[in-house]
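Between the sequences and the hints, there should be enough to build the whole structure, so can you do that?
Anchor point for the sequence shown: position 173 equals 173 in this note's numbering, and the numbering is continuous, going up by one each time.
No lab work stands behind these hints, which were simulated from the structure alone.
Since the structure is predicted, the reported quantities are computational estimates derived from the model, not experimental observations.
Treat the hints with caution; some may be incorrect.
What the hints assert, rightly or not - Just the calculated beta-carbon pair ranges, DEER-fashion:
(1) Ala55 to Ala88: 41 to 49 Å
(2) Thr236 to Ile84: 32 to 40 Å
(3) Tyr132 to Tyr27: 45 to 53 Å
(4) Leu40 to Thr87: 13 to 21 Å
(5) Met162 to Thr220: 15 to 23 Å
(6) Phe199 to Val219: 25 to 33 Å
(7) Val37 to Asp269: 26 to 34 Å
(8) Arg215 to Glu164: 41 to 49 Å
Even glycine gets a Cβ: it sits at the ideal position worked out from N, Cα and C.
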Amino acid sequence: MNTPPCYYVTAKWLASDKSLQGWRLVYFFIPTTVVTVATLVANPVLLTCIFLSRALRQETRYLLVANTLAADMLFLVLNLTIMICNTARVQISWLLCELLTAVTVTTYCCAILTVTLMVADTYAAVRWPLHYHDILPPARTHRILVGVWVLAALYPFTLVIMMEVEKENNHERVALCLVLISLGFIQLEHMVGIHIYFFVAALVCASLIFYCYIRLYMVTRTQGIWQSRFSRARVTLLAHGALLLLYFAPGFVFTLELFLFHRKDISQDVRVWINTVNMCLFMLLPRAFAPYLYGLRYREISDSLMQLLPQHRRLSQITLS
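Written out as C-alpha coordinates, the structure reads:
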(Lines of atoms letter the chains of each structure in order from A and count residues from 1; the text may use other names and numbers.)
(Lines give C-alpha, C1' and ligand atoms only; values in the text may rest on other atoms or scores of the structure.)
Protein backbone atom coordinates (compact mmCIF):
# COMPACT_ATOMS: atom_id res chain seq x y z
CA MET A 1 0.00 0.00 0.00
CA ASN A 2 1.38 3.39 -0.99
CA THR A 3 2.10 5.89 1.75
CA PRO A 4 -0.38 8.79 1.55
CA PRO A 5 1.18 12.16 0.60
CA CYS A 6 -0.06 13.72 3.84
CA TYR A 7 2.39 11.46 5.72
CA TYR A 8 5.35 12.99 3.93
CA VAL A 9 4.11 16.53 4.60
CA THR A 10 3.45 15.96 8.32
CA ALA A 11 6.70 14.01 8.80
CA LYS A 12 8.70 16.84 7.24
CA TRP A 13 6.87 19.40 9.37
CA LEU A 14 7.48 17.38 12.55
CA ALA A 15 11.18 17.12 11.73
CA SER A 16 11.40 20.90 11.34
CA ASP A 17 9.40 21.39 14.54
CA LYS A 18 11.95 19.33 16.46
CA SER A 19 14.84 21.25 14.92
CA LEU A 20 13.29 24.50 16.18
CA GLN A 21 13.04 23.44 19.82
CA GLY A 22 15.93 25.79 20.59
CA TRP A 23 13.68 28.66 19.52
CA ARG A 24 11.29 27.72 22.37
CA LEU A 25 8.26 27.98 20.10
CA VAL A 26 6.36 25.97 22.68
CA TYR A 27 6.19 29.16 24.76
CA PHE A 28 3.72 30.54 22.23
CA PHE A 29 1.27 28.10 23.79
CA ILE A 30 1.09 30.44 26.82
CA PRO A 31 -0.51 33.48 25.09
CA THR A 32 -2.81 31.14 23.17
CA THR A 33 -4.11 29.66 26.42
CA VAL A 34 -4.37 33.03 28.19
CA VAL A 35 -6.26 34.73 25.34
CA THR A 36 -8.56 31.74 24.85
CA VAL A 37 -9.47 31.52 28.54
CA ALA A 38 -9.96 35.30 28.83
CA THR A 39 -12.16 35.37 25.74
CA LEU A 40 -14.19 32.38 26.91
CA VAL A 41 -14.88 34.35 30.09
CA ALA A 42 -15.69 37.72 28.49
CA ASN A 43 -17.63 36.66 25.39
CA PRO A 44 -20.29 34.54 27.14
CA VAL A 45 -20.94 37.41 29.55
CA LEU A 46 -21.50 39.82 26.66
CA LEU A 47 -23.65 37.29 24.82
CA THR A 48 -25.74 36.87 27.97
CA CYS A 49 -26.19 40.65 28.21
CA ILE A 50 -27.39 40.79 24.60
CA PHE A 51 -29.78 37.83 24.68
CA LEU A 52 -31.29 38.61 28.09
CA SER A 53 -32.29 42.08 26.92
CA ARG A 54 -35.25 42.12 24.54
CA ALA A 55 -34.28 45.58 23.30
CA LEU A 56 -30.77 44.48 22.37
CA ARG A 57 -32.07 41.33 20.66
CA GLN A 58 -34.12 43.55 18.37
CA GLU A 59 -31.12 45.62 17.25
CA THR A 60 -29.21 44.49 14.16
CA ARG A 61 -25.87 45.82 15.35
CA TYR A 62 -26.03 43.81 18.58
CA LEU A 63 -27.00 40.65 16.72
CA LEU A 64 -23.95 41.18 14.51
CA VAL A 65 -21.77 41.69 17.58
CA ALA A 66 -23.17 38.50 19.11
CA ASN A 67 -22.47 36.54 15.92
CA THR A 68 -18.88 37.81 15.82
CA LEU A 69 -18.30 36.88 19.47
CA ALA A 70 -19.80 33.41 18.95
CA ALA A 71 -17.66 32.77 15.85
CA ASP A 72 -14.55 33.93 17.73
CA MET A 73 -15.30 31.62 20.66
CA LEU A 74 -15.68 28.60 18.38
CA PHE A 75 -12.49 29.52 16.51
CA LEU A 76 -10.48 29.83 19.73
CA VAL A 77 -11.79 26.53 21.13
CA LEU A 78 -10.88 24.70 17.92
CA ASN A 79 -7.50 26.42 17.71
CA LEU A 80 -6.62 25.51 21.31
CA THR A 81 -7.84 21.93 20.84
CA ILE A 82 -5.71 21.48 17.74
CA MET A 83 -2.68 22.95 19.50
CA ILE A 84 -3.11 20.59 22.48
CA CYS A 85 -3.41 17.58 20.19
CA ASN A 86 -0.36 18.64 18.19
CA THR A 87 1.71 19.26 21.32
CA ALA A 88 0.75 15.86 22.74
CA ARG A 89 1.30 14.24 19.30
CA VAL A 90 -2.16 12.69 19.40
CA GLN A 91 -2.83 10.46 16.41
CA ILE A 92 -6.06 11.49 14.67
CA SER A 93 -7.56 10.43 11.38
CA TRP A 94 -6.91 12.56 8.33
CA LEU A 95 -10.67 12.90 7.80
CA LEU A 96 -11.09 14.37 11.30
CA CYS A 97 -8.21 16.76 10.60
CA GLU A 98 -9.88 17.88 7.38
CA LEU A 99 -13.17 18.44 9.20
CA LEU A 100 -11.43 20.46 11.93
CA THR A 101 -9.76 22.51 9.20
CA ALA A 102 -13.07 23.15 7.45
CA VAL A 103 -14.80 24.26 10.68
CA THR A 104 -11.83 26.48 11.66
CA VAL A 105 -11.81 28.18 8.26
CA THR A 106 -15.59 28.57 8.46
CA THR A 107 -15.47 30.31 11.85
CA TYR A 108 -12.65 32.61 10.75
CA CYS A 109 -14.42 33.57 7.51
CA CYS A 110 -17.73 34.01 9.35
CA ALA A 111 -16.11 36.49 11.75
CA ILE A 112 -14.61 38.44 8.83
CA LEU A 113 -17.94 38.54 6.97
CA THR A 114 -19.82 39.62 10.10
CA VAL A 115 -17.34 42.39 10.86
CA THR A 116 -17.79 43.58 7.27
CA LEU A 117 -21.56 43.56 7.72
CA MET A 118 -21.16 45.63 10.90
CA VAL A 119 -19.54 48.38 8.84
CA ALA A 120 -22.30 48.14 6.24
CA ASP A 121 -24.91 48.24 9.03
CA THR A 122 -23.37 51.43 10.44
CA TYR A 123 -23.45 52.99 6.98
CA ALA A 124 -27.12 52.04 6.50
CA ALA A 125 -28.06 53.45 9.92
CA VAL A 126 -26.40 56.79 9.16
CA ARG A 127 -27.41 56.97 5.51
CA TRP A 128 -31.10 56.04 5.92
CA PRO A 129 -31.98 56.65 9.60
CA LEU A 130 -35.74 56.90 9.02
CA HIS A 131 -35.97 53.66 7.04
CA TYR A 132 -33.20 51.73 8.80
CA HIS A 133 -35.48 49.52 10.92
CA ASP A 134 -37.63 48.76 7.90
CA ILE A 135 -34.58 47.77 5.85
CA LEU A 136 -33.07 45.52 8.54
CA PRO A 137 -35.73 44.13 10.89
CA PRO A 138 -34.63 41.37 13.31
CA ALA A 139 -36.15 38.56 11.22
CA ARG A 140 -34.20 39.64 8.15
CA THR A 141 -31.03 39.98 10.20
CA HIS A 142 -31.43 36.39 11.43
CA ARG A 143 -31.74 35.16 7.83
CA ILE A 144 -28.68 37.17 6.83
CA LEU A 145 -26.64 35.63 9.66
CA VAL A 146 -27.71 32.12 8.66
CA GLY A 147 -26.67 32.98 5.10
CA VAL A 148 -23.28 34.22 6.36
CA TRP A 149 -22.60 30.88 8.08
CA VAL A 150 -23.69 28.94 5.01
CA LEU A 151 -21.55 31.11 2.73
CA ALA A 152 -18.53 30.76 5.03
CA ALA A 153 -18.93 26.97 5.25
CA LEU A 154 -19.76 26.26 1.61
CA TYR A 155 -16.30 26.24 0.04
CA PRO A 156 -14.29 24.58 2.89
CA PHE A 157 -16.73 21.69 3.23
CA THR A 158 -17.00 21.34 -0.54
CA LEU A 159 -13.23 20.86 -0.65
CA VAL A 160 -13.40 18.21 2.09
CA ILE A 161 -16.11 16.30 0.22
CA MET A 162 -14.17 16.50 -3.03
CA MET A 163 -10.97 15.25 -1.41
CA GLU A 164 -12.72 12.37 0.33
CA VAL A 165 -14.37 11.28 -2.91
CA GLU A 166 -11.06 11.39 -4.79
CA LYS A 167 -8.95 9.60 -2.14
CA GLU A 168 -8.54 5.84 -2.15
CA ASN A 169 -7.55 5.49 1.50
CA ASN A 170 -9.66 7.44 3.98
CA HIS A 171 -8.36 5.87 7.21
CA GLU A 172 -4.78 7.15 7.53
CA ARG A 173 -3.82 8.79 10.80
CA VAL A 174 -1.48 11.73 11.38
CA ALA A 175 0.30 13.10 14.46
CA LEU A 176 0.09 16.73 13.37
CA CYS A 177 -3.03 18.57 12.22
CA LEU A 178 -2.61 22.13 11.01
CA VAL A 179 -4.90 24.20 8.83
CA LEU A 180 -1.89 25.14 6.71
CA ILE A 181 -0.93 21.50 6.11
CA SER A 182 -4.51 20.48 5.31
CA LEU A 183 -5.12 23.31 2.86
CA GLY A 184 -1.55 23.05 1.54
CA PHE A 185 -2.11 19.37 0.79
CA ILE A 186 -5.50 20.08 -0.83
CA GLN A 187 -3.85 22.93 -2.73
CA LEU A 188 -1.88 20.42 -4.83
CA GLU A 189 -5.02 19.65 -6.82
CA HIS A 190 -7.14 22.76 -6.19
CA MET A 191 -4.53 25.52 -5.95
CA VAL A 192 -6.26 28.02 -8.23
CA GLY A 193 -9.62 27.62 -6.50
CA ILE A 194 -8.20 28.12 -3.01
CA HIS A 195 -6.30 31.29 -3.94
CA ILE A 196 -9.29 32.70 -5.82
CA TYR A 197 -11.54 31.97 -2.82
CA PHE A 198 -9.34 33.82 -0.32
CA PHE A 199 -8.41 36.65 -2.72
CA VAL A 200 -11.95 37.38 -3.93
CA ALA A 201 -13.40 37.17 -0.39
CA ALA A 202 -10.75 39.56 0.98
CA LEU A 203 -11.15 41.94 -1.98
CA VAL A 204 -14.95 42.10 -1.70
CA CYS A 205 -14.89 42.66 2.08
CA ALA A 206 -12.11 45.28 1.91
CA SER A 207 -13.81 47.13 -0.96
CA LEU A 208 -17.15 47.23 0.86
CA ILE A 209 -15.51 48.46 4.07
CA PHE A 210 -13.56 51.23 2.31
CA TYR A 211 -16.64 52.31 0.36
CA CYS A 212 -18.82 52.50 3.47
CA TYR A 213 -16.24 54.45 5.47
CA ILE A 214 -15.58 56.91 2.65
CA ARG A 215 -19.29 57.46 2.09
CA LEU A 216 -19.85 57.86 5.85
CA TYR A 217 -17.21 60.58 6.00
CA MET A 218 -18.65 62.38 2.97
CA VAL A 219 -22.18 62.27 4.41
CA THR A 220 -21.22 63.41 7.93
CA ARG A 221 -18.30 65.78 7.31
CA THR A 222 -20.56 68.85 7.40
CA GLN A 223 -22.14 67.89 10.74
CA GLY A 224 -19.14 68.87 12.87
CA ILE A 225 -18.60 65.45 14.44
CA TRP A 226 -15.05 65.21 13.06
CA GLN A 227 -13.78 68.59 14.23
CA SER A 228 -12.62 67.55 17.69
CA ARG A 229 -9.44 65.46 17.78
CA PHE A 230 -10.94 63.14 20.40
CA SER A 231 -14.54 63.19 19.17
CA ARG A 232 -16.57 59.99 19.52
CA ALA A 233 -16.69 59.60 15.74
CA ARG A 234 -12.88 59.74 15.43
CA VAL A 235 -12.31 57.36 18.35
CA THR A 236 -14.91 54.93 17.00
CA LEU A 237 -13.38 55.01 13.53
CA LEU A 238 -9.90 54.48 14.97
CA ALA A 239 -11.04 51.57 17.15
CA HIS A 240 -12.94 49.88 14.33
CA GLY A 241 -10.10 50.46 11.87
CA ALA A 242 -7.56 48.92 14.24
CA LEU A 243 -9.78 45.91 14.90
CA LEU A 244 -10.46 45.43 11.17
CA LEU A 245 -6.72 45.48 10.52
CA LEU A 246 -6.20 42.88 13.25
CA TYR A 247 -8.87 40.66 11.71
CA PHE A 248 -7.63 40.91 8.13
CA ALA A 249 -3.84 40.86 8.63
CA PRO A 250 -3.63 37.18 9.77
CA GLY A 251 -5.64 36.16 6.73
CA PHE A 252 -3.15 37.82 4.40
CA VAL A 253 -0.26 36.21 6.30
CA PHE A 254 -1.99 32.83 5.96
CA THR A 255 -2.40 33.38 2.20
CA LEU A 256 1.34 34.07 2.05
CA GLU A 257 1.94 30.83 3.94
CA LEU A 258 -0.09 28.91 1.36
CA PHE A 259 1.96 30.50 -1.40
CA LEU A 260 5.22 29.49 0.28
CA PHE A 261 4.04 26.02 1.28
CA HIS A 262 5.40 24.21 -1.79
CA ARG A 263 8.29 26.53 -2.56
CA LYS A 264 11.56 24.55 -2.55
CA ASP A 265 13.72 27.62 -1.96
CA ILE A 266 12.03 28.47 1.38
CA SER A 267 13.36 26.78 4.50
CA GLN A 268 10.89 24.53 6.29
CA ASP A 269 12.02 26.06 9.58
CA VAL A 270 10.88 29.48 8.35
CA ARG A 271 7.46 28.07 7.47
CA VAL A 272 7.09 26.51 10.92
CA TRP A 273 8.09 29.77 12.64
CA ILE A 274 5.72 31.95 10.55
CA ASN A 275 2.81 29.56 11.04
CA THR A 276 3.38 29.35 14.80
CA VAL A 277 3.50 33.13 15.24
CA ASN A 278 0.45 33.64 13.03
CA MET A 279 -1.70 30.98 14.72
CA CYS A 280 -0.61 31.72 18.29
CA LEU A 281 -0.42 35.53 18.20
CA PHE A 282 -1.75 37.36 15.13
CA MET A 283 -5.00 35.40 14.85
CA LEU A 284 -5.67 35.78 18.57
CA LEU A 285 -5.20 39.54 18.86
CA PRO A 286 -8.55 40.58 17.31
CA ARG A 287 -10.35 37.96 19.42
CA ALA A 288 -8.72 39.40 22.54
CA PHE A 289 -9.72 43.01 21.75
CA ALA A 290 -13.15 42.39 20.20
CA PRO A 291 -15.09 42.06 23.50
CA TYR A 292 -13.82 45.48 24.58
CA LEU A 293 -13.83 47.40 21.29
CA TYR A 294 -17.06 45.95 19.87
CA GLY A 295 -18.77 44.96 23.10
CA LEU A 296 -18.20 47.19 26.09
CA ARG A 297 -17.92 50.36 23.95
CA TYR A 298 -21.65 50.13 23.33
CA ARG A 299 -23.36 51.96 26.19
CA GLU A 300 -26.42 49.68 26.09
CA ILE A 301 -24.30 46.53 26.55
CA SER A 302 -22.37 48.17 29.39
CA ASP A 303 -25.62 49.15 31.12
CA SER A 304 -26.98 45.63 30.67
CA LEU A 305 -23.77 44.22 32.11
CA MET A 306 -23.98 46.51 35.12
CA GLN A 307 -27.51 45.29 35.77
CA LEU A 308 -26.15 41.75 36.12
CA LEU A 309 -23.71 42.73 38.86
CA PRO A 310 -25.10 42.10 42.38
CA GLN A 311 -23.68 45.33 43.85
CA HIS A 312 -25.22 47.47 41.14
CA ARG A 313 -28.53 45.63 41.49
CA ARG A 314 -28.65 46.30 45.27
CA LEU A 315 -27.73 49.95 44.68
CA SER A 316 -30.56 50.30 42.18
CA GLN A 317 -33.05 48.78 44.63
CA ILE A 318 -31.91 51.17 47.39
CA THR A 319 -32.21 54.15 45.04
CA LEU A 320 -35.72 53.15 43.96
CA SER A 321 -36.84 52.64 47.57
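Results for each hint:
Look at Ala55 against Ala88: about 46 Å separates their beta carbons, and that is inside 41 to 49 Å. A hinted range of 32 to 40 Å holds for the C-beta pair Thr236 and Ile84, which are about 37 Å apart. Between Tyr132 and Tyr27 the C-beta distance comes to about 48 Å, which sits within the given range of 45 to 53 Å. Against the hinted window of 13 to 21 Å, the Cβ-Cβ separation of Leu40 and Thr87 comes to about 19 Å, which satisfies the hint.
The hinted range of 15 to 23 Å is not satisfied by Met162 and Thr220, whose Cβ atoms lie roughly 47 Å apart. Between Phe199 and Val219 the Cβ separation comes to about 30 Å, which falls inside the hinted range of 25 to 33 Å. As the Cβ distance of Val37 to Asp269 is approximately 30 Å, the hint placing it in 26 to 34 Å holds. Our hint of 41 to 49 Å for Arg215 and Glu164 holds, since their Cβ atoms are close to 44 Å apart.
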